[in-house]
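Based on these hints, arrange chain S on the given structure of chain R.
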Amino acid sequence: MRALLTRDLILAFRAGGGFGLGIAFFLIVVILVPFSVGPSSALLTKIAPGVLWLGALLACLLSLDRILALDWEDGTLDLIATSPLPLEAVVSVKALAHWLTTGVPLVVAAPIFGVFLNLPPQGFVWLVVSLVLGTPALSVIGTFGAALTVGIKRGGLLLSLLVLPLYVPTLIFGSELARRGAEGQQVMTPMLMLAGISFGVIALLPFASALVLRINLR
Amino acid sequence: MKLHAQDVSVARGGVSVLEGLSFELCAGEALVIRGPNGIGKTTLLRTLAGLQPALKGRVDAPEDSIAYAAHSDGLKTMLSVAENLRFWADVFGTSDISSALESFELTDLQHRLAGSLSAGQKRRLGLARLMVTARPIWILDEPTVSLDKAAVALFATAVKRHLAHGGSAILATHIELGLEANVLELSPYKTVAGSAVLSGQDEAFL
Numbered sequence: 001m002r003a004l005l006t007r008d009l010i011l012a013f014r015a016g017g018g019f020g021l022g023i024a025f026f027l028i029v030v031i032l033v034p035f036s037v038g039p040s041s042a043l044l045t046k047i048a049p050g051v052l053w054l055g056a057l058l059a060c061l062l063s064l065d066r067i068l069a070l071d072w073e074d075g076t077l078d079l080i081a082t083s084p085l086p087l088e089a090v091v092s093v094k095a096l097a098h099w100l101t102t103g104v105p106l107v108v109a110a111p112i113f114g115v116f117l118n119l120p121p122q123g124f125v126w127l128v129v130s131l132v133l134g135t136p137a138l139s140v141i142g143t144f145g146a147a148l149t150v151g152i153k154r155g156g157l158l159l160s161l162l163v164l165p166l167y168v169p170t171l172i173f174g175s176e177l178a179r180r181g182a183e184g185q186q187v188m189t190p191m192l193m194l195a196g197i198s199f200g201v202i203a204l205l206p207f208a209s210a211l212v213l214r215i216n217l218r
Numbered sequence: 219m220k221l222h223a224q225d226v227s228v229a230r231g232g233v234s235v236l237e238g239l240s241f242e243l244c245a246g247e248a249l250v251i252r253g254p255n256g257i258g259k260t261t262l263l264r265t266l267a268g269l270q271p272a273l274k275g276r277v278d279a280p281e282d283s284i285a286y287a288a289h290s291d292g293l294k295t296m297l298s299v300a301e302n303l304r305f306w307a308d309v310f311g312t313s314d315i316s317s318a319l320e321s322f323e324l325t326d327l328q329h330r331l332a333g334s335l336s337a338g339q340k341r342r343l344g345l346a347r348l349m350v351t352a353r354p355i356w357i358l359d360e361p362t363v364s365l366d367k368a369a370v371a372l373f374a375t376a377v378k379r380h381l382a383h384g385g386s387a388i389l390a391t392h393i394e395l396g397l398e399a400n401v402l403e404l405s406p407y408k409t410v411a412g413s414a415v416l417s418g419q420d421e422a423f424l
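As you go down the protein sequences, you meet chains R and S in turn. Number 86 in the working numbering belongs to position 86 of the first sequence; there are no gaps in the numbering. Positions in the second sequence are counted from 1; adding 218 to them yields the working numbering.
Next up, chain R with everything else stripped away, as it sits in the complex (with noise of 0.2 angstroms):
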């Protein structure tokens, strides 16, 4: 389990497309919407959460069809299939490690990206919060897509037309939560659906990709 953990680990490092990619991604976004919006700092605040939140998905989109696209190919997948492993701690490992070079740099960037944004002062610490809650569902959803699509050529497109609704709840609390909190309104209950949503989904997707992964390795 270490094993391959470290192995996603340093193959992000290496092979690169991982971590700068969707920061860049996210950068890109959040840059471009004052050029759409315009630059009013009373709306840039208000729009800011959900900008944000929306940026910090569409981010982590972008990597997902590597979770195991990348080891379809090469014929890995299949050999790891085989072994003592059970597939259904490989896709949950899958979806750590994409959270752990996705999610992660996603959470750390986004307070910056949240200056350009002219957002409040007591709005950073709940969207780090939101985003702490909310990116581990994306990765798993997303990891969940990724196991629909493997052995789709040119499957991304795809996946992104599948995830992307599995995605709604999140997106909606997660944006909720940053919203209120930057609004100083009470966080309480969209922090406990947006945790209920990513709980439920760690517990309960990986059984999921782990049996549409057998289907699809057939």
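Worth flagging that the hints you see were computed from the coordinates, not collected in a lab. Accuracy of the hints is not assured; some may be wrong.
Using C-beta positions, here's what the derived DEER-type ranges look like [as the list claims (entries may be wrong)]: (1) R/L157 <-> S/E242: 16 to 22 angstroms; (2) R/V115 <-> S/H329: 42 to 48 angstroms; (3) R/R218 <-> S/A337: 24 to 30 angstroms; (4) S/P254 <-> R/R214: 41 to 47 angstroms; (5) R/M1 <-> S/E242: 31 to 37 angstroms.
Partial chain R-side listing against chain S, Cβ under 8 angstroms, derived [as the list claims (entries may be wrong)]: (6) D78; (7) L87; (8) L217; (9) R218.
Everything numeric in this text was worked out from a predicted model, so none of it was measured. Where a beta carbon is used, it is the ideal one built from N, C-alpha and C, also for glycine.
Just chain S, lined up with the frame of chain R:
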């Protein structure tokens, strides 16, 4: 350690390709599978390895006894030779990679990135992986592709040593390895056209 296949039928893409296969493989034995292209050698081996279910019949093998080597070697080009092997050793819970490196003459290459190896060297690394799995039953799909004569000899020696230590191997190959092996010719088991069952592939439009 015994692998037993009983009246097995296998299917590729929902179409039955082989029917009524039965054989037994005991410790120390090798079985060479022969047949023309497209007869279903890979499909049969994947079924034996447990990657896909048999259409009919059953395959009995002790749990966690099979090491499978496919057409592609499952190498990470950005990892070194030793790192690739160590990963598989960790996955299979073994620790010794040096004997595998020596058997396939990879010791001098162990710090090179796998991506910088030639096709034959990659294949040797893929085969060395079998040795670090420490599993008794090897299932090998065209193991000698892109190997030169010397490397084929290395591979034959490794298989012989594996058999001598009570392991067994199933190989799909056309090259004479000098093994004392039973040969299973697949042509007689080919599914007669017409009896093929076409199952739904409605998702193909995507």
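Now the hints, each set against the structure:
1. Evaluation of the 16 to 22 angstroms hint for R/L157 and S/E242 yields a failure: the beta carbon distance comes to about 48 angstroms.
2. For R/V115 paired with S/H329, a C-beta distance near 45 angstroms keeps the hint of 42 to 48 angstroms intact.
3. Range check, R/R218 to S/A337: Cβ separation about 28 angstroms, and the 24 to 30 angstroms hint holds.
4. The given range of 41 to 47 angstroms is broken by S/P254 and R/R214, whose C-beta atoms sit roughly 30 angstroms from each other.
5. Under the hint 31 to 37 angstroms, the C-beta atoms of R/M1 and S/E242, about 35 angstroms apart, fit the expected range.
6. A cut of 8 angstroms between beta carbons decides the hint on R/D78: the least distance to chain S is about 5 angstroms, and the hint holds.
7. Because the closest C-beta pair between R/L87 and chain S is about 11 angstroms apart, greater than 8 angstroms, the hint is violated.
8. A distance limit of 8 angstroms between C-beta atoms decides the matter here; for R/L217 the minimum to chain S is near 6 angstroms, and the interface restraint holds.
9. Because the smallest distance between the Cβ of R/R218 and any Cβ of chain S comes to about 4 angstroms, under 8 angstroms, the interface hint for this residue holds.
Hints 1, 4, 7 from the list above are not met by this structure, while the remaining hints are.
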